Amino acid sequence: NAGVTQTPKFQVLKTGQSMTLQCAQDMNHEYMSWYRQDPGMGLRLIHYSVGAGITDQGEVPNGYNVSRSTTEDFPLRLLSAAPSQTSVYFCASSYGAGGSSSYNSPLHFGNGTRLTVT
Amino acid sequence: GDSVTQMEGPVTLSEEAFLTINCTYTATGYPSLFWYVQYPGEGLQLLLKATKADDKGSNKGFEATYRKETTSFHLEKGSVQVSDSAVYFCALTINTGGFKTIFGAGTRLFVKA
Numbered sequence: 001n002a003g004v005t006q007t008p009k010f011q012v013l014k015t016g017q018s019m020t021l022q023c024a025q026d027m028n029h030e031y032m033s034w035y036r037q038d039p040g041m042g043l044r045l046i047h048y049s050v051g052a053g054i055t056d057q058g059e060v061p062n063g064y065n066v067s068r069s070t071t072e073d074f075p076l077r078l079l080s081a082a083p084s085q086t087s088v089y090f091c092a093s094s095y096g097a098g099g100s101s102s103y104n105s106p107l108h109f110g111n112g113t114r115l116t117v118t
Numbered sequence: 001g002d003s004v005t006q007m008e009g010p011v012t013l014s015e016e017a018f019l020t021i022n023c024t025y026t027a028t029g030y031p032s033l034f035w036y037v038q039y040p041g042e043g044l045q046l047l048l049k050a051t052k053a054d055d056k057g058s059n060k061g062f063e064a065t066y067r068k069e070t071t072s073f074h075l076e077k078g079s080v081q082v083s084d085s086a087v088y089f090c091a092l093t094i095n096t097g098g099f100k101t102i103f104g105a106g107t108r109l110f111v112k113a
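Just so you know, the sequences run in chain order A and B.
Going by this note's numbering, the first sequence opens with residue 1, and the numbers climb by one from there.
Going by this note's numbering, the second sequence opens with residue 1, and the numbers climb by one from there.
Take these hints with a grain of salt, some might be off.
Pairs of lysine to aspartate or glutamate, EDC-like flavour, derived with a Cα cap of 16 Å [to be verified]: (1) Lys100(B) / Glu30(A); (2) Lys100(B) / Asp56(A); (3) Lys100(B) / Asp26(A); (4) Lys9(A) / Glu42(B).
For the record, the hints were derived by calculation from the structure and aren't laboratory data.
Bear in mind that the values here come from a model prediction, so they are computed numbers and not experimental data.
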C-alpha cells in the first residue's frame, strides 16, 4: 500500500521557471491538500480539494495553481517560481470531505518535495 | 481566526525523563485536535487524536487530553527514549467555511542517551 506518493523529492529552479509537483494517493480519499513547511512557521495550507473537480484556496495560495481531475491525483503548479517559494512541500489526504467523519479523520502525508529557487 | 500555539523548542531531555509539550488553540466552532510527529526526512504521521472535550488520546506511551475550558491539548510522556527524538506538531481540524487543518509551529525534541 503506497499511501501518498510525491514526486520529485528534490528540485532546483531558477527564478521565473514553472514546474508541477506531483501527488497521488491510492486510499480513495476524497480530501487532498498541499502544505508548505518553513522553519519556525509550521505547515501552511496552500490549496485543498474536497473531491474531483472541486478546489479551494488555503492560507497562502498566491503563485500556485491546482486542479483535481481524478480522485487519486492532485498536482501543484508553480506558475513563475520566486525565491520566496523555496520550501518543503507536503501533500496530504484524508477520508471524507466535510461531514463529521472528515474532521475526525487524520491527514496522511507524503514524504515531501524540497524545492530551492535561485 | 483559528490558530494553534505550541511551546518553542528545541526541548532537550535525557532518556527516561518526563516530557510535556504545551499546546493551546483558538477556534470558532468545535475542532478535533491532533498531535503529529515528523522524523527526519519524512512527512508527518499521526501520533494521537481527540475529537471531543475530556477525550484522552494515547499512543506509544504518549497521551494528551482535550481541555475545552482551557483550550489546551498538552502532549505528555512519562519516560522518553532516544527514538522519540523528532519534531512534534499540534493541530486542529475544523469545518467552518471549508474543511481545514491548522498546525502549530512544531517543537523539536532531542533525547540524549
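>> Tell me the hint numbers this structure goes against, listed in increasing order.
In response: Checked against the structure, the only hint that fails is number 3, while the rest are satisfied.
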